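If you're matching them up, the sequences are chains S and U in order. For the first sequence, the numbering used here assigns the number 125 to the initial residue and increments by one for each residue that follows. For the second sequence, the numbering used here assigns the number 6 to the initial residue and increments by one for each residue that follows.
The set of hints was computed from the structure by calculation and includes no laboratory data. One or more hints might be untrue.
Stated by the list, open to error - Interface residues of chain U toward chain S, partial, derived using beta-carbon atoms under 8 Å: (1) Asn83; (2) Leu93; (3) Gly136; (4) Tyr140; (5) Ser190; (6) Thr229; (7) Tyr239; (8) Ile244.
Small disclaimer: the values here were computed from a predicted structure and weren't measured. We treat Cβ as the ideally placed atom computed from N, Cα and C, and that holds for glycine.
Single-letter residue listing:
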Amino acid sequence: MNLFIYLPVAGVSVSIFLLLGLGLAVGFLSGLFGVGGGFLLTPLLIMIGIPPTVAAASDSNQIVAASTSGTVAHGRRGNVDFKMGFYLLIGGVIGGTLGVQLIKILRATGNADFVIKLTYIVMLGIIGTYMFQESLRNLKMPRRRIKKISRMRVSEAEEKKPSKILQLYRSLPFQTHFEKSGVTISVITPVFLGILVGILAAIMGVGGGFIMVPVMVYMLRMPMHVVVGTSLFQILVTCINVTFMQAYYNQTVDIVLALILLLGSTIGAQLGAKVSDRLNADQMKVILALMVLLVMVQMVYGLLVHPELLFSVGGSH
Amino acid sequence: MTILKSLIYVIILGFIFCDANIHTQPEQNKIENPRVIPEHINVGPFFKGLKAIVNAEIPKCAGVIVKLIGKNKEMVLNMKGKKAFIWLNVAQVTVTNAPSIYLLACSNKLDELCSDAEQEKELLGYNSLKGRINYESNKPLSGIESEEFIKFKEHNGNYNINNKAVIKTAPDGKQLLDATLEIPSFITAENYTVKIYCFNEKKLIDKVAVNLSVEEVGLPLFITNLAKNSPATYGILAIIVAMIAGGIIGLTFNKKRVRKN
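Next comes chain U alone, as it looks inside the complex (with noise of 0.2 Å):
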């Protein structure tokens, strides 16, 4: 009977043993306590856009790429080409599939942190988003639309790929992430997604998701939503505002002038 008691708190003490471990193995795996610094965003009268920091305690890795990606919009845009020896908007192209913001934090080279196949699955760096943009015109495309479009939305700092990620170690051993995304100033009113991946040996090891809440507040509110809204009165307030601007600086001025003459 001792024996079989014996082998019972043996047999239960090797389970607690077991989950213990079963709980802390993976945990050592994990990215714990993301958050992006503000977590909310107020674009008010002189927002003016904004350093999002992104930390995390991160698991033992080789590299990490943090990601704000916003939500598809389809853009119009006029094609430059070269006719005879001038250049004139040839073509318009209809952009589809395209993320109207695009930021990428990375701690290494993205070629170093993970594989091809990882990238076109997580959609990261330009390479996987080229594949996924679609470019539709009246008139037959060069093939040169990937590159320049990236090259466009890059120059009106909608795209952004940097290397502000950096792992350090805290005095207790814990591997801590610090990522910079900069935050333009016309990034839209919506809801974002910050995403953190670990890698190792070119491997996902993790990943998580952190919201981000962009809102427009104030002065700028009032009036996108009255432009928006109520059109006829906000063209017909705009001319009578201007109207009456114009109107007191013109008899200030003549008014000083009849002073002096």
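Just chain S, same shape as in the assembly (with noise of 0.2 Å):
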């Protein structure tokens, strides 16, 4: 038996089940990796005919749940940094107003998609490649000898001249002690990730979440459980702040679509923070780096392969 719903807003009937099924599945994804899970989900609602714009507001709703469902169940375990949390949202706001008006720019200039599908092939293959790389490097080395190389490195590091990236993390004022990420730098590094993060968020219309993580790890040098806590709980402050501007100025956020996929992914994210306790770091990586390297390949095929259809919905990139 197939149970239908009429989702007022977005103005069509779905099947319950579907809904369920894919909100438990992205939700799964967003407590193992700590992504919102919008660049997954947006798509997957457009493919079963939710209206582009309603899909969008509506996903930020859901995630608005499953991120809060994230933190609660990460902060508990002492998963998340607040304070680095903080620094990283005041770079985001900034970073977001900037991206959105470059995206004006650019729409006036008629190559705003252009720019929107290189930025998303480039730092989907980039960030995809790299972390794959490394985490399968990782894996297939033994354990002590990742240490006794990473105890190495560090100092060698020390014994010679330390690289220009940490000269200038070092030489930077408001230098702070991040006590739950075990790092100490400059508040200006957080603060100026996050506006870079927050301007490719902007131009590719989506939470961000997937570029903090890999930001979080690899320049941040967080610990990858308390990045994954840390970035759901940025995620659910920008999310709680996209809903309302959505609701308030468009009207496309669905209360009925977005409660149907929460309860589905409230439970995923729980089930996935469960089987994160269980996988180890690199594990998950190499499983994120290929999912974001998936996305980038369906995008590049997406570029080459003549459309079904020519015309889309308008007004969101």
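Work from the hints to combine the two standalone chains into their complex.
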């Protein structure tokens, strides 16, 4: 038996089980990797017939639930660095505002679509390839050797001349110790990286979780489990803002759609968080890297093959 | 006098006979008792679209067409094109004078039923629609917009032409129409007109219109009204509901975990 539900704002009727299944799958990934899942769920919702503007807005609303659930779960285990998340958020808000202005300029010149698609492919390609290579290398190596090498690298780095990036990190003012993450850096670093991610997120029209996670791992050198919790906290705040703005200005948030999705996604997020405890960081990184690369390949394919329909609903990128 | 009286009677009888003929003759070419089942659609929480049945007593004719058409709605669409070797959105096209919904049920092929002029006049078939829809863009248009727009609307289920109009003969010899229109779940709540056309030798014999009303009720109506009339309240409500649901599930899972430990 298939039970259909009418979504009043979207104006379409969809199978409840299909929506629950989508929510569960995306929530699982959210809990596992600390990504919002927006870059996966929105295209899936469009594919099943939800109008794109409603899909994007309602997706933000359900991410509020999934990330609340995830933040609670990770927060109770002490895996959320609220201090770091706060500085990243400040940068994210500034970057997001700048990114929106940049998109306006690009639209006026008629190059917005090209820049958006190119940014997506380049970003996904770089992040996915780098994560995949590094994690695979670590997985192949015995654990003792990894520890030995990393110890050697640290001591070598300390003995020899530190890298230019490290020199720059250390020379910046407002050095602060982030206890949960176990790093001491200038507050300028997370704010600056937050700005960069915010600009990219605005251009790409996503929450930015899948860019923020690699940034925290590789550029801020935070431990993977704290990265997941902190990323979820940051996504929560971002999506609260987006949900309100979409509901207020565009009236595109479908609460019925969001409720069904969140029912699946919150449970999925908990399951994901449980599995993330059992997997080691490199195994998690390999899976995330493969997903990122898969999305990139799908995008490249979409750009090269003649589309079935030349028209699509406008208004969003 | 008797002759005169008889003459008057003959004239009166003649008039009565002629009048009866005047009334019965055209009725043979009229569509009678048209109705749509259901004539009122309530869009509730579990509405998933439906099949609307159109019935009528029809005169002897070659074929029938049943049409449901929605109000014209302006749409802004992105149009893809090839730049170098990649497919990108190359223009934004504003489409006007296009009906939001266009459903047609025919007993035969459209071209066999009516002439091009009749199709154009009564807006029957995609060719008649193509001529009326306007496209505007900031970039030069390529001329394939009409074809692509119909393809887009058909793909989304907004436009459909089927051959589910059947003419049956009742035991008493009457011709009966039985047509099916697939009403999609995304039909907008408004009043629609369903038109029935009867054709013979590619000429229109008769046409009638029946009303079909679509209305949102219950929870969908409440949510639509709240989202449109109080967007700030709706936005805050959506956030609170999401946070409570997420928080409860988060705590529930965490408690289970604590108990296990």
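Checking against the hints above, which ones are violated?
-> 3, 4
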